[in-house]
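If you read the protein sequences in the order shown, they are chains A and B.
Residue numbers for the first sequence follow our numbering, so the first one is 1 and each next one is one higher.
Residue numbers for the second sequence follow our numbering, so the first one is 1 and each next one is one higher.
Keep in mind the hints are simulated off the structure, nothing from the lab.
Please note that the accuracy of each hint is not assured.
[Unchecked claim] Taking lysine-lysine pairs in the DSS-like style, the calculated list, with each CA pair at most 30 Å apart, reads:
(1) A:Lys151 to B:Lys54
(2) A:Lys151 to B:Lys120
(3) A:Lys116 to B:Lys250
(4) B:Lys246 to A:Lys116
(5) B:Lys103 to A:Lys151
(6) A:Lys151 to B:Lys127
(7) B:Lys56 to A:Lys207
(8) A:Lys207 to B:Lys120
(9) A:Lys115 to B:Lys246
(10) B:Lys32 to A:Lys151
(11) B:Lys127 to B:Lys192
(12) B:Lys91 to A:Lys115
(13) B:Lys54 to A:Lys207
(14) B:Lys103 to B:Lys120
(15) B:Lys23 to A:Lys151
(16) B:Lys64 to A:Lys122
(17) A:Lys107 to B:Lys32
(18) B:Lys23 to B:Lys64
(19) A:Lys107 to B:Lys246
(20) B:Lys32 to B:Lys56
(21) A:Lys151 to B:Lys192
(22) A:Lys93 to A:Lys116
(23) B:Lys245 to A:Lys116
(24) A:Lys151 to B:Lys142
(25) A:Lys222 to A:Lys122
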Amino acid sequence: MSRVRVFSEVQIWAHKHLIHVVGLLLFTGLPFFSKDLFGWVAYVLGYPVALFIGGNVNSLGLEVARWLHRLAAIVLIAISAVVFFAEVPRAKKWRIWPKNVGREVRKLLDYYVHKKRVPFDKYNIGQIAWTWFVIIGIAVMIVTGLIMWFKPSMELVTVAHELHALGAALFMIGLVIHIYAAIGIPEHRPMVTAMFRTGDLPEEYLKEHHPLYYEVVRSERK
Amino acid sequence: MEYASVFIPDRCIGCRACQTACKIWNQRPVEKTSFSPDFTNPPSLTPDSFTIIKFKEVFDGEVKWIMLKEQCMHCNDPPCVSACPTGAMTKTEEGAVYVRPEKCIGCQYCVEACPFDVPKYDEGSGKVYKCTMCIDRIRDGKLPACVEACPTQALVFGKKDEVIQKLKSEGFEIYGERLPNVGGTHWLYATKEFKGKLTDPKYFGLPESPAAKEGALPAIREFGVGVAGLAILASLLHAAYWRAKKEESK
Numbered sequence: 001m002s003r004v005r006v007f008s009e010v011q012i013w014a015h016k017h018l019i020h021v022v023g024l025l026l027f028t029g030l031p032f033f034s035k036d037l038f039g040w041v042a043y044v045l046g047y048p049v050a051l052f053i054g055g056n057v058n059s060l061g062l063e064v065a066r067w068l069h070r071l072a073a074i075v076l077i078a079i080s081a082v083v084f085f086a087e088v089p090r091a092k093k094w095r096i097w098p099k100n101v102g103r104e105v106r107k108l109l110d111y112y113v114h115k116k117r118v119p120f121d122k123y124n125i126g127q128i129a130w131t132w133f134v135i136i137g138i139a140v141m142i143v144t145g146l147i148m149w150f151k152p153s154m155e156l157v158t159v160a161h162e163l164h165a166l167g168a169a170l171f172m173i174g175l176v177i178h179i180y181a182a183i184g185i186p187e188h189r190p191m192v193t194a195m196f197r198t199g200d201l202p203e204e205y206l207k208e209h210h211p212l213y214y215e216v217v218r219s220e221r222k
Numbered sequence: 001m002e003y004a005s006v007f008i009p010d011r012c013i014g015c016r017a018c019q020t021a022c023k024i025w026n027q028r029p030v031e032k033t034s035f036s037p038d039f040t041n042p043p044s045l046t047p048d049s050f051t052i053i054k055f056k057e058v059f060d061g062e063v064k065w066i067m068l069k070e071q072c073m074h075c076n077d078p079p080c081v082s083a084c085p086t087g088a089m090t091k092t093e094e095g096a097v098y099v100r101p102e103k104c105i106g107c108q109y110c111v112e113a114c115p116f117d118v119p120k121y122d123e124g125s126g127k128v129y130k131c132t133m134c135i136d137r138i139r140d141g142k143l144p145a146c147v148e149a150c151p152t153q154a155l156v157f158g159k160k161d162e163v164i165q166k167l168k169s170e171g172f173e174i175y176g177e178r179l180p181n182v183g184g185t186h187w188l189y190a191t192k193e194f195k196g197k198l199t200d201p202k203y204f205g206l207p208e209s210p211a212a213k214e215g216a217l218p219a220i221r222e223f224g225v226g227v228a229g230l231a232i233l234a235s236l237l238h239a240a241y242w243r244a245k246k247e248e249s250k
């Protein structure tokens with residue numbers, strides 16, 4: 001069966017490492033986000049450190065969480081830089097520029113609510129919205145995080161803190177939906193395999209789920 | 001038992017004995033002074049100056065100097081305590097709000113949250129410092145250091161209810177007994193001479209409604225956790241719905 005390349009090597013590499021980094025950022029950010037619900041994270045991180053150097057377990061845990069968070073942020077900046085330089089030159093081929101939003105939203109609802117077969121392009125409007133949110137969201141999180149780290153002025157820090165917390169909240173919500181749509185729906189598994197391993201999809205799958213993009217691929221082949 | 005300290009500007013002569021006593025008791029180092037348009041020195045609270053006397057020149061028919069003592073207000077519902085992720089910022093049953101340095105990681109969330117701009121970050125130690133209300137002295141049956149040092153009785157200390165009742169019976173106007181957002185404070189201001197001027201920006205300029213500067217943060221946290229929880233629930237429900245639809249179409 002012939003296969004169609006849908007993700008580049010850089011996209012596969014970046015997505016894989018984003019999972020590690022965002023996982024670490026989320027885990028280490030949670031005790032600062034809500035000490036009542038996620039204070040236990042500070043204990044998990046602080047207990048082993050306290051065994052060696054002593055001190056208050058909760059405070060040590062938060063100190064460890066803060067430094068791991070900053071370290072992960074540096075890695076995130078590096079990954080973002082690689083993606084930026086590798087992907088921006090081929091921005092025309094991204095197919096994440098939204099067109100006819102109303103119609104696309106209806107198509108999305110038809111697919112997820114009525115389970116109808118609808119003609120999608122390479123990405124549906126939900127995926128496009130998520131991609132843009134990730135691009136803008138990561139930029140905002142990096143900038144506000146750096147402001148909170150280096151504290152140029154407390155007024156700026158207060159605004160950055162609010163935006164950083166809002167970004168974290170939206171990322172948490174978005175990630176739940178993103179992870180569910182990827183692995184919670186069995187029909188989407190070929191896409192998961194493509195994103196994590198091969199980078200390509202069976203032509204038949206593309207024809208069924210993304211017929212508009214399939215047509216583009218076909219015309220490019222001619 | 002809740003206690004309160006009161007500053008009575010009518011009686012303050014700006015000698016700054018309170019500032020000195022505070023430094024001595026809390027073993028804070030002296031700081032380099034600087035010229036400023038008034039005699040306030042240091043110009044604002046610092047990690048080493050837990051209290052300062054602000055000198056303000058006002059025109060009220062004639063030019064006069066008024067004094068305002070600044071320090072932690074020891075709020076009933078302290079936003080700094082809510083904001084502190086480590087539990088370093090602590091409120092005691094006496095009403096004192098103080099930092100436990102061994103728990104402080106210098107995140108400065110308290111600095112952000114305080115509506116009175118009180119906690120100050122020390123670059124050297126990487127921790128936040130502020131007035132402790134001399135909780136160690138109070139528990140030892142002593143007066144706060146600043147109150148003990150005041151030569152003009154501009155500072156008064158006692159059980160909160162009794163102090164407020166006494167000042168009211170003497171005809172004083174009181175600031176801090178009840179305040180929106182922070183639920184009142186354990187540092188109060190009382191005056192007969194400057195009635196109606198404690199919150200006047202031209203005079204003492206104490207905030208009428210000291211809102212925590214955390215702003216929307218608590219709401220954002222609740223929104224994030226709540227909606228993420230709902231998204232998990234919705235995903236599980238959709239997974240069941242999707243599979244039911246699949247069975248239907250077979």
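Tested hints:
1. This hinted pair checks out: Lys151 (chain A) and Lys54 (chain B) have alpha carbons roughly 27 Å apart, not beyond 30 Å.
2. With a C-alpha separation of about 13 Å, the suggested pairing of Lys151 (chain A) with Lys120 (chain B) holds against the 30 Å cut-off.
3. Pair hint Lys116 (chain A) plus Lys250 (chain B) holds up; C-alpha atoms about 14 Å apart against a cutoff of 30 Å.
4. Distance hint between Lys246 (chain B) and Lys116 (chain A) is fulfilled; the C-alpha atoms sit about 11 Å from each other, no more than 30 Å.
5. For the hint pairing Lys103 (chain B) with Lys151 (chain A), the CA-to-CA distance comes to about 21 Å; that is within 30 Å, so the pair holds.
6. Our distance criterion of 30 Å between C-alpha atoms is met by Lys151 (chain A) and Lys127 (chain B), whose separation comes to about 15 Å.
7. Distance restraint check for Lys56 (chain B) and Lys207 (chain A): the Cα-Cα separation of roughly 78 Å exceeds the 30 Å cut-off, and the hinted pair is therefore not satisfied.
8. Simply put, Lys207 (chain A) and Lys120 (chain B) have alpha-carbon atoms about 63 Å apart, too far for the 30 Å limit, and the pair is violated.
9. A threshold of 30 Å between alpha carbons decides the hint, and for Lys115 (chain A) with Lys246 (chain B) the separation of about 8 Å falls inside it, so the pair holds.
10. Distance hint between Lys32 (chain B) and Lys151 (chain A) is fulfilled; the C-alpha atoms sit about 24 Å from each other, no more than 30 Å.
11. Straight-line distance between C-alpha atoms of Lys127 (chain B) and Lys192 (chain B) comes to about 39 Å, which puts the hinted pair past the 30 Å bound.
12. Taking the CA atoms of Lys91 (chain B) and Lys115 (chain A), the gap is about 56 Å. The hint is violated against a cut of 30 Å.
13. For the suggested pair Lys54 (chain B) and Lys207 (chain A), the alpha carbons sit about 76 Å apart, so the restraint of at most 30 Å is broken.
14. Note on Lys103 (chain B) and Lys120 (chain B): the hinted pairing holds, with a Cα-Cα distance of about 16 Å set against a maximum of 30 Å.
15. Between Lys23 (chain B) and Lys151 (chain A) the CA atoms are separated by roughly 28 Å; this keeps the pair inside 30 Å, and the hint holds.
16. Pair hint Lys64 (chain B) plus Lys122 (chain A) does not hold up; C-alpha atoms about 75 Å apart against a cutoff of 30 Å.
17. Between Lys107 (chain A) and Lys32 (chain B) the alpha-carbon distance is near 69 Å, which puts this suggested pair outside the 30 Å criterion.
18. A distance of roughly 28 Å separates the Cα atoms of Lys23 (chain B) and Lys64 (chain B); the hinted pair therefore holds under the 30 Å criterion.
19. Restraint check for Lys107 (chain A) and Lys246 (chain B): satisfied, since their Cα atoms lie roughly 18 Å apart, inside the 30 Å limit.
20. A hinted pair counts as satisfied when its Cα atoms are at most 30 Å apart, and Lys32 (chain B) with Lys56 (chain B) qualifies at roughly 21 Å.
21. At roughly 42 Å between alpha-carbon atoms, Lys151 (chain A) and Lys192 (chain B) are farther apart than 30 Å, so this suggested pair is violated.
22. Between the alpha carbons of Lys93 (chain A) and Lys116 (chain A) the distance comes to roughly 27 Å, so the proposed pair stays at or under 30 Å and holds.
23. Of the pairs offered as hints, the one joining Lys245 (chain B) and Lys116 (chain A) holds, with about 10 Å between alpha carbons and a cut-off of 30 Å not exceeded.
24. Using a Cα cut-off of 30 Å, the hinted pair Lys151 (chain A) and Lys142 (chain B) is violated, with the two alpha carbons roughly 39 Å apart.
25. At most 30 Å may separate the alpha-carbon atoms for a hinted pair to count; Lys222 (chain A) and Lys122 (chain A) meet this at roughly 19 Å.
Hints 7, 8, 11, 12, 13, 16, 17, 21 and 24 from the earlier list are contradicted by this structure; the remaining hints agree with it.
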